[in-house]
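Peer 1: Listed below, chain by chain, are the residues.
There are 2 protein chains.
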Amino acid sequence: MSLIVVGSVAYDGVETPHGRVDRMLGGAATYISLAASYFTKVGIVAVVGDDFAQEDTDLLTSHGVDLEGLERVHGKTFFWAGKYTPDMNDRETLTTDLNVFADFDPKLPASYKNCSYLLLGNIQPRLQRNVRSQMQKLRLAGGDTMNFWIKDFRDELLATIREWDFLLINDAEARMLSGENNLKKAASAILDMGPHTLVIKRGEYGAMLFRKDSFFIVPGYLLETVFDPTGAGDCFAGGFIGYLAQQGFDLQSDHISRGDLSRAVIYGSVMGSFCCEQFGVERFRTLKRAEIDARFQEFRNFTTF
Amino acid sequence: MSLIVVGSVAYDGVETPHGRVDRMLGGAATYISLAASYFTKVGIVAVVGDDFAQEDTDLLTSHGVDLEGLERVHGKTFFWAGKYTPDMNDRETLTTDLNVFADFDPKLPASYKNCSYLLLGNIQPRLQRNVRSQMQKLRLAGGDTMNFWIKDFRDELLATIREWDFLLINDAEARMLSGENNLKKAASAILDMGPHTLVIKRGEYGAMLFRKDSFFIVPGYLLETVFDPTGAGDCFAGGFIGYLAQQGFDLQSDHISRGDLSRAVIYGSVMGSFCCEQFGVERFRTLKRAEIDARFQEFRNFTTF
Numbered sequence: 001m002s003l004i005v006v007g008s009v010a011y012d013g014v015e016t017p018h019g020r021v022d023r024m025l026g027g028a029a030t031y032i033s034l035a036a037s038y039f040t041k042v043g044i045v046a047v048v049g050d051d052f053a054q055e056d057t058d059l060l061t062s063h064g065v066d067l068e069g070l071e072r073v074h075g076k077t078f079f080w081a082g083k084y085t086p087d088m089n090d091r092e093t094l095t096t097d098l099n100v101f102a103d104f105d106p107k108l109p110a111s112y113k114n115c116s117y118l119l120l121g122n123i124q125p126r127l128q129r130n131v132r133s134q135m136q137k138l139r140l141a142g143g144d145t146m147n148f149w150i151k152d153f154r155d156e157l158l159a160t161i162r163e164w165d166f167l168l169i170n171d172a173e174a175r176m177l178s179g180e181n182n183l184k185k186a187a188s189a190i191l192d193m194g195p196h197t198l199v200i201k202r203g204e205y206g207a208m209l210f211r212k213d214s215f216f217i218v219p220g221y222l223l224e225t226v227f228d229p230t231g232a233g234d235c236f237a238g239g240f241i242g243y244l245a246q247q248g249f250d251l252q253s254d255h256i257s258r259g260d261l262s263r264a265v266i267y268g269s270v271m272g273s274f275c276c277e278q279f280g281v282e283r284f285r286t287l288k289r290a291e292i293d294a295r296f297q298e299f300r301n302f303t304t305f
Numbered sequence: 001m002s003l004i005v006v007g008s009v010a011y012d013g014v015e016t017p018h019g020r021v022d023r024m025l026g027g028a029a030t031y032i033s034l035a036a037s038y039f040t041k042v043g044i045v046a047v048v049g050d051d052f053a054q055e056d057t058d059l060l061t062s063h064g065v066d067l068e069g070l071e072r073v074h075g076k077t078f079f080w081a082g083k084y085t086p087d088m089n090d091r092e093t094l095t096t097d098l099n100v101f102a103d104f105d106p107k108l109p110a111s112y113k114n115c116s117y118l119l120l121g122n123i124q125p126r127l128q129r130n131v132r133s134q135m136q137k138l139r140l141a142g143g144d145t146m147n148f149w150i151k152d153f154r155d156e157l158l159a160t161i162r163e164w165d166f167l168l169i170n171d172a173e174a175r176m177l178s179g180e181n182n183l184k185k186a187a188s189a190i191l192d193m194g195p196h197t198l199v200i201k202r203g204e205y206g207a208m209l210f211r212k213d214s215f216f217i218v219p220g221y222l223l224e225t226v227f228d229p230t231g232a233g234d235c236f237a238g239g240f241i242g243y244l245a246q247q248g249f250d251l252q253s254d255h256i257s258r259g260d261l262s263r264a265v266i267y268g269s270v271m272g273s274f275c276c277e278q279f280g281v282e283r284f285r286t287l288k289r290a291e292i293d294a295r296f297q298e299f300r301n302f303t304t305f
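Going down the list, the protein sequences come from chains D and P.
With the working numbering, letter number 219 in the first sequence gets 219, and the count goes up by one each step, no holes.
With the working numbering, letter number 259 in the second sequence gets 259, and the count goes up by one each step, no holes.
Hints are computed from structural coordinates only; laboratory data are not their basis.
Be careful, since some hints might not be right.
To be clear about the criterion: a stretch of chain P counts as covered by chain D if any three or more of its residues have a C-beta under 8 Å from a C-beta of chain D, and this derived list gives those stretches [as the list claims (entries may be wrong)]: (1) 100-109; (2) 223-234; (3) 261-268.
Cβ coordinates follow ideal geometry from the N, Cα and C atoms, glycine included.
Bound-form chain D, shown alone (with noise of 0.2 Å):
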């Protein structure tokens, strides 16, 4: 195993312009696994209630992702429901039951320990160091955050932070954590408070990376429909750092070029813009390595000038 992900694992109801799913497989760490394993073995760190379906675990061995570190609990699995906008770029949560997650306490199996990469998603900044306090021999370490943390966790935030070697999050993520309204001083800022290097996602529009001396833009991939964009950028993240770990990155010893952080940006494009053609996961039941790297392909094409 090479790649440890830490985050929920849940159910979800989402409606769209396209459609409406009442409850269905979803949460960061799913998706992550799920977008990481065409790329690396994974591990799963996560929390469940009784009434977690086989055929959801089924979908996730499927794809090679180990769960020995998934926990079942008694009481029932974290539920999300929300409501998207007509041009999708924004969402109403309608529900959000966290369930057995509200005591989720990340517990890391012994075979874990040693594994070389790892992506924590977006939990409590405190239990996102724990487990990273853990890992004993990484050589990357990174992961995604959100408003929340920022705005009230600010200072566990940054301690958390500080140790990684990369972090994901959105635009409007990145100027509140700054404090800068421009991505390129924002992207300034955000280094100096750790990691070596961030990745800013921004939606239909694409993603960042920015690293002290340099940084790489790619737009997004044009989809003619979307179904359904929960989870992209869990995928996204799945791609980034799966793309890393199959290569045997080490970005701790600058073994990494920008070229190679900006190959792993376009797989972490390619498999977001998977997500977004089928609602929830089911684009992951049919989607074949093949796929994803004529897609990379694709983004060649119609990037190049």
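Since chain D is already given, all that's left is putting chain P on it; use the hints.
Peer 2: Below, chain P without anything else, positioned relative to chain D:
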């Protein structure tokens, strides 16, 4: 002379988070001509009042812009004033005094009618069409429009753009013109309206180019400070057509590749980015061609993977 630019020459009052200027040279034709002047010889067709200042005439002539088509009539020059939102993605119009522009009826000097390239700035579609029909040896013609004409002058606009090689509009206008929210579908619908080539400008998010069989997307240039976005879209148009004119391309006969058009989009993006660096047309007082080519190379650097 190779390129004819038709549109408004105006005075603008602009307020942005970085300052305020009560009255300065502006207007679509001004920005388009100045930007294109770095690539090719430009003639302008516009109208100004008797308040139009010698120093503003001098700025245009210092860039080699031919003013034979700049009509001077009794009255005041078109005046527009607006105030930008803090993130500068939107603006509120405070004043629109059409003045002599209200009766603008473009008159083409005889020497302009044999020029090869035509850029029609955003004016009444019927006037755009009249100009187009007077040009006798066109190799490439296209232009801009806006929500007002799309909404209330749809038939005239459709008859006008049917004769264009390319249409340059922003994403909101593309959605309105096509009735499609998705930009890929919108582009496909618009390419059925006549133009072989569609460029969709996305402000800070860059630009997209569509032809029947291919497309190209470039992210926006990342400025540390956007002083004033006024005119950036027009400068994009100037860079785009200016480069194509300089290269001598002929879109109608398909002598132009997607690669050529993509480079024109990059030069458009470059000119739009310079425009934002200072208020109004200020940046064009000092800008050198070498800076333009250096920024073109920067685009390659931050988009290549």
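Peer 1: For every hint, state whether the structure bears it out.
Peer 2: Here is what the structure says about each hint:
1. 100-109: violated (count 0)
2. 223-234: With 4 residues closer than 8 Å to chain D, the region 223-234 of chain P meets the three-residue bar; holds.
3. 261-268: Since three or more residues must qualify, the claim that chain D covers the region 261-268 of chain P holds, with 4 doing so at under 8 Å.
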